[in-house]
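2 protein chains.
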Amino acid sequence: MTEQANLNSKLGHPERSEGSHDPILLTPGPTIVPPEVRQALGRPMVHHRTAEFRAVLQEVESGLKALFKTSELVLILTSSGTGAMEAAAVNLLSAGDEALVIQGGKFGERWREICEAYGVKVIAVDPPWGKPLPPRLISEALRQHPGARAVFATLCETSTGVAYDLKAIRQAMGDCEALLVVDAISGLLAEPFDMDASGVDAAVCGSQKGMMLPPGLAFIALSPRAWEAAKSSRLPKYYFNLLKARASWEKEMDTPFTPAITLLVGLNESLKKIQGQGGVDRFVQRHQGQAQALRQSLQALGLQLYADPACASNAVTAVKVPDGVNGKDLISKIKKQGITVAGGQGKELSGKIFRIASMGVVGSAELDRCLQALTQALTELGWKAPSHG
Amino acid sequence: MTEQANLNSKLGHPERSEGSHDPILLTPGPTIVPPEVRQALGRPMVHHRTAEFRAVLQEVESGLKALFKTSELVLILTSSGTGAMEAAAVNLLSAGDEALVIQGGKFGERWREICEAYGVKVIAVDPPWGKPLPPRLISEALRQHPGARAVFATLCETSTGVAYDLKAIRQAMGDCEALLVVDAISGLLAEPFDMDASGVDAAVCGSQKGMMLPPGLAFIALSPRAWEAAKSSRLPKYYFNLLKARASWEKEMDTPFTPAITLLVGLNESLKKIQGQGGVDRFVQRHQGQAQALRQSLQALGLQLYADPACASNAVTAVKVPDGVNGKDLISKIKKQGITVAGGQGKELSGKIFRIASMGVVGSAELDRCLQALTQALTELGWKAPSHG
Chain A
2 MTEQANLNSK LGHPERSEGS HDPILLTPGP TIVPPEVRQA LGRPMVHHRT
52 AEFRAVLQEV ESGLKALFKT SELVLILTSS GTGAMEAAAV NLLSAGDEAL
102 VIQGGKFGER WREICEAYGV KVIAVDPPWG KPLPPRLISE ALRQHPGARA
152 VFATLCETST GVAYDLKAIR QAMGDCEALL VVDAISGLLA EPFDMDASGV
202 DAAVCGSQKG MMLPPGLAFI ALSPRAWEAA KSSRLPKYYF NLLKARASWE
252 KEMDTPFTPA ITLLVGLNES LKKIQGQGGV DRFVQRHQGQ AQALRQSLQA
302 LGLQLYADPA CASNAVTAVK VPDGVNGKDL ISKIKKQGIT VAGGQGKELS
352 GKIFRIASMG VVGSAELDRC LQALTQALTE LGWKAPSHG
Chain B
2 MTEQANLNSK LGHPERSEGS HDPILLTPGP TIVPPEVRQA LGRPMVHHRT
52 AEFRAVLQEV ESGLKALFKT SELVLILTSS GTGAMEAAAV NLLSAGDEAL
102 VIQGGKFGER WREICEAYGV KVIAVDPPWG KPLPPRLISE ALRQHPGARA
152 VFATLCETST GVAYDLKAIR QAMGDCEALL VVDAISGLLA EPFDMDASGV
202 DAAVCGSQKG MMLPPGLAFI ALSPRAWEAA KSSRLPKYYF NLLKARASWE
252 KEMDTPFTPA ITLLVGLNES LKKIQGQGGV DRFVQRHQGQ AQALRQSLQA
302 LGLQLYADPA CASNAVTAVK VPDGVNGKDL ISKIKKQGIT VAGGQGKELS
352 GKIFRIASMG VVGSAELDRC LQALTQALTE LGWKAPSHG
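Chains as they are written, first to last, in the numbering used here: chain A, 2 to 390; chain B, 2 to 390.
Only chain A is shown next, with the shape it has when bound in the complex (with noise of 0.2 Å):
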């Protein structure tokens, strides 16, 4: 493991954001807050009403097109991820359409459960959790359903640590009119991504992931086809009504409602990061390193990781626990040195896997601390790899 260890140090990662014995977030989502966002968070309150404001929102707001990779204005809510999530479908669908939702972890079920809570029926398209996604469940769910009004899919689905391939999705969905909502929360700035060239209809992402921010804000972005069925949508909704927000940007850059202040101006802090650091193509590319060669150490330690290296994901990357460990004290016995790594979720994954995140300022110095923390946690609770067994 030493030598993976060194391995992965070798691996260019663009600072430390941390001390090296501060404790150190690894959970997939929230994410290490880098010191100059946090710095940002604690600066004098300002009215969002004012010509100081407006310039951040500008700002932010030419950012996030840039993360998105759209033309399209991208909201800013105030809400969790779901918040967002729950924006979309509630916009762009009427009680009784019909959509696809590609569930394969609890995030996927996440699309079905907030449907079925305004009486869209679900047709649900069932990947083995953990692995890819055959495109022909999708191509033949719209054949049985061609009325389907949307493809709900998720860019990596953080409980089970898997990257799905929106490409094949959106070609697997052929000339269907469904429009493609995509759950891109964990996945922007760590799965590659690009919302206009994939034909994705709404994109939705949260603070608290990649854009290295507190959770409480949440983004949405939708493409000409779906602001156009957002205009004969007939869900209910006030907060999270989109038509109403446009509206309010495009008449005086203002949100409907008070915005998260201070996460927006900490918001602009970690796009400038972001920006100088090479922008949002670098660091996914250097997401793709790190979670590969986190991957190899991890396999170097005999363990063996849960999703398909097919589709295993750049952001999170979910372990099994061996064979006679018990999940919840490997998790505390690596917390006590400092490391908090995830959990499974859920009566599936829960004990089964923990999850360890990759996401934004994380870099090999934090990884390889996590490693460490790893070993040494699995040698106290008597664990002995296979191979040196």
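Read the hints as simulated data drawn from the structure, not as lab findings. None of these values were measured; they are calculated from a predicted model. Fair warning: there could be bad hints in the mix.
One copy or two, either will do: identical chains are not told apart, so a pair holds if it fits within one copy or between any two.
Each computed DSBU-like pair below joins lysine-lysine, with the alpha-carbon atoms no more than 30 Å apart [what the hints assert, rightly or not]:
{"no.": "1", "residue 1": "Lys273", "residue 2": "Lys385"}
{"no.": "2", "residue 1": "Lys122", "residue 2": "Lys232"}
{"no.": "3", "residue 1": "Lys245", "residue 2": "Lys122"}
{"no.": "4", "residue 1": "Lys245", "residue 2": "Lys70"}
Go by the hints and put chain B onto chain A.
Just chain B, lined up with the frame of chain A:
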């Protein structure tokens, strides 16, 4: 005016939040965020499902109960105050239900807009803007609509600077079964408010007013009767589903979706500050004293107040823009002296009033500086008080 300003200065205020030449934010949300809270906002990020953060949540919950004066759970939402208003409507009502809405200003009207967006039949009760609400308007409307399921009211109508008498409203409701739902967003901590003793069934608040926090958090508490009503509500909801939020809280002191962690860490500081300064009653007293002194000072300057003194709010004072003065110019000249006050909202009041908030940490030092800036701005604009003219 100098005498009045001196008089103001004599009213004790707990601390000066900003240096004497720093900009001062006197808008009715967001309000000044005190330094110790800002410092808390800049702390390293922690994960929300950890013992350390649950300890914060536990303290916050107990502090919120004290502010609301309720023994019921105060739920925390990541949204602006409007999100909590929507949560109240969609969790208590069903489409086609009748509800009374007390308007009287922009935020009273927001209750109507939310209800209408969800297909609730609104019976509008329209007290004249800036005037007290004659309680018979409520009793008469309920006589005509005995099946009304809710009465939507506002503690402090931020757009007009009016505080409504909730006890009188509750009394006028008699023994009808309608739920009393109160927007206490700007009123809490400035106006007397006792949720349980006043028979309030749902109270909502936002973070960026008396709580001295940035915007981004909202709060809602329901009475046992309201929780019962929530069980039979058929309006669609997901992000704002309160039964689900309560279940998460009761199961493991958790929120259903990632909360705005940073703001909650800040809230814990601001709640401690409120407690350390004698608690909510002492805050209300202080607000009462300084709003009264502010109104006297403004009148001594020869200005006219917008709200009837019988219902003037302690949180925000609306002042008529004097004849011959351009409201925008006035606010802009005050701003040049470092003081941000708010204009009037909507076509009814834009340019006709300006509003000075005296919430949270705002004390006589800040209000004195505002009065000085106002006097200078009026002089520069060539205005002379009628009595001095």
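Okay, the hints, checked on the actual structure:
no., hint, result
1, Lys273 - Lys385, "neither (45 Å within a copy, 48 Å between copies)"
2, Lys122 - Lys232, "both (20 Å within a copy, 23 Å between copies)"
3, Lys245 - Lys122, "both (26 Å within a copy, 22 Å between copies)"
4, Lys245 - Lys70, "within (23 Å within a copy, 35 Å between copies)"
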